[in-house]
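Q: So the chains spell out like this:
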Amino acid sequence: MSQPRGWKELPIGAVPFRLSTDYKTGDWRALRPVVDMNKCVKCMLCWIFCPDMAIIWDGEKILVNYDYCKGCGICAHECPVKAIDMVPEPSE
Amino acid sequence: MAQQTLPQVPIKKGEPAYKLWIFEPGWKGELPLILNPRQLAEQKRPAILPGHRLCAGCAAPIIVKLASFAFRGPTIVVNATGCLEVATTIFPYTSWAVPWIHNAFENAAATASGVESAIKAMKKTGRLPWAHVDVVVFGGDGGTFDIGLQSLSGAAERGHDFLYILYDNEAYMNTGIQRSGGTPKFAWTTTSPVGTVLPGKTQHKKPIADIMVAHRIPYVATATPAHWLDLMKKVRKGIEVEGPAFIHALSSCDRGWRHDTALAIEVSRRAVDTCYFPLWEWTPETGYRLTDRSLSIARNPKMKQPIEKFVEVQGRFRHLLKPENRHLLRELQEWVDAVWEDLLNRATNAPR
Numbered sequence: 132m133s134q135p136r137g138w139k140e141l142p143i144g145a146v147p148f149r150l151s152t153d154y155k156t157g158d159w160r161a162l163r164p165v166v167d168m169n170k171c172v173k174c175m176l177c178w179i180f181c182p183d184m185a186i187i188w189d190g191e192k193i194l195v196n197y198d199y200c201k202g203c204g205i206c207a208h209e210c211p212v213k214a215i216d217m218v219p220e221p222s223e
Numbered sequence: 218m219a220q221q222t223l224p225q226v227p228i229k230k231g232e233p234a235y236k237l238w239i240f241e242p243g244w245k246g247e248l249p250l251i252l253n254p255r256q257l258a259e260q261k262r263p264a265i266l267p268g269h270r271l272c273a274g275c276a277a278p279i280i281v282k283l284a285s286f287a288f289r290g291p292t293i294v295v296n297a298t299g300c301l302e303v304a305t306t307i308f309p310y311t312s313w314a315v316p317w318i319h320n321a322f323e324n325a326a327a328t329a330s331g332v333e334s335a336i337k338a339m340k341k342t343g344r345l346p347w348a349h350v351d352v353v354v355f356g357g358d359g360g361t362f363d364i365g366l367q368s369l370s371g372a373a374e375r376g377h378d379f380l381y382i383l384y385d386n387e388a389y390m391n392t393g394i395q396r397s398g399g400t401p402k403f404a405w406t407t408t409s410p411v412g413t414v415l416p417g418k419t420q421h422k423k424p425i426a427d428i429m430v431a432h433r434i435p436y437v438a439t440a441t442p443a444h445w446l447d448l449m450k451k452v453r454k455g456i457e458v459e460g461p462a463f464i465h466a467l468s469s470c471d472r473g474w475r476h477d478t479a480l481a482i483e484v485s486r487r488a489v490d491t492c493y494f495p496l497w498e499w500t501p502e503t504g505y506r507l508t509d510r511s512l513s514i515a516r517n518p519k520m521k522q523p524i525e526k527f528v529e530v531q532g533r534f535r536h537l538l539k540p541e542n543r544h545l546l547r548e549l550q551e552w553v554d555a556v557w558e559d560l561l562n563r564a565t566n567a568p569r
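Keeping their order, the protein sequence lines are chains A and B.
According to the working numbering, the stretch in the first sequence is residues 132 to 223, in order.
According to the working numbering, the stretch in the second sequence is residues 218 to 569, in order.
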């Protein structure tokens with residue numbers, strides 16, 4: 132450490148640089164939300180309340196991104212017409 | 218460093234489901250505050266990305282998400298240590314689609330002051346290519362009620378232009394549910410256990426929003442994620458005022474409050490319905506003003522529900538429902554009623 136080192140030589144630290152979208156949290160899930168689009172009134176409350184940003188609105192229907200959904204069930208509980216069912220994950 | 222790519226999700230019209238918030242230099246104008254949920258879903262993207270490792274059913278990312286829908290342009294987020302910081306930026310991953318800085322528990326507001334001063338200095342010397350850059354702080358209750366109160370108070374006194382959003386999950390949930398200044402009386406935590414000697418925590422919750430009102434800063438409000446329109450409007454107001462603003466948002470924690478993960482929003486709703494957590498805003502000009510559900514309750518007192526409604530879904534208050542502990546529940550109810558009556562007397566838009 133006799134020579135002072137510049138910032139380029141230092142190892143990467145203290146700066147998170149990869150997007151967490153690379154980290155799939157979907158395998159935490161025990162119950163899987165399934166949207167019944169026949170009952171859905173497209174009020175978007177599930178999209179607003181989803182803590183994992185896993186509900187996606189494509190302009191016509193509600194999609195669930197199962198890569199990230201942790202299966203908390205907030206969407207099913209808050210749905211005013213009960214269009215979302217929490218069904219158990221299929222076992223491997 | 219590898220090129221960052223966001224996941225491709227089939228979206229037929231509009232924008233991709235996830236995007237980074239990039240504002241080109243010279244970007245002018247304000248992002249509109251959209252209050253129609255379908256337009257929101259089509260046009261807005263949250264500043265927090267999926268893949269964060271907060272517990273299933275945590276309300277903190279909902280608060281961050283709703284707050285980010287109300288951001289008006291380039292925004293720098295300062296994060297105090299807490300669940301939100303620990304779980305969203307596990308090295309090397311980051312869940313933030315906006316510039317983000319973390320320093321420590323006790324100096325989130327001081328860091329925000331520094332960021333804001335740097336913005337001011339760069340603006341003065343013409344090195345900042347944006348008309349306004351907002352600073353938003355997210356702090357937990359430990360980092361605000363207990364450890365960070367001095368830096369928050371100092372920053373409020375110096376009058377830096379930032380918005381401090383406190384997500385209050387009422388204990389140190391990050392380190393394992395220890396009591397904090399925000400824990401309500403009689404709540405179970407690991408350091409205020411319930412047994413034959415103690416009925417849970419023996420002190421009341423610190424009135425943090427009233428402490429910030431006493432600083433006479435331009436904007437103070439309380440909010441919950443269940444009343445999401447109210448929360449978005451308040452965040453926008455807090456960003457728009459010149460000077461410090463403070464929002465106290467109740468954030469339920471299913472691990473610490475011991476309720477079902479699906480009830481995260483329901484619990485916040487019951488907290489407002491029972492007047493345990495009234496919704497109000499304060500400005501020096503208007504004084505206290507009740508908003509949203511709390512205003513309805515003030516106009517129609519029949520809508521106010523007993524505190525049992527809030528207590529019954531939470532395992533941390535389970536001992537209060539036992540027959541021998543009815544007097545504790547009555548004491549909690551009396552405290553809630555006293556705080557609510559006091560607020561009604563001070564609110565300028567409450568019916569007399």
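Be aware that a few hints might be false.
Each computed PhoX-like pair below joins lysine-lysine, with the alpha-carbon atoms no more than 20 Å apart [as the list claims (entries may be wrong)]:
| hint | chain 1 | residue 1 | chain 2 | residue 2 |
| --- | --- | --- | --- | --- |
| 1 | B | K539 | B | K519 |
| 2 | A | K213 | A | K192 |
| 3 | A | K192 | A | K173 |
| 4 | B | K261 | B | K454 |
| 5 | A | K155 | B | K236 |
| 6 | B | K423 | A | K173 |
| 7 | B | K423 | B | K402 |
| 8 | A | K173 | A | K213 |
| 9 | A | K192 | B | K261 |
In case anyone wonders, no lab produced these hints; they're calculated from the structure.
Q: Run the structure past the numbered hints and jot down the numbers of the failing ones, going up.
A: 1 and 6
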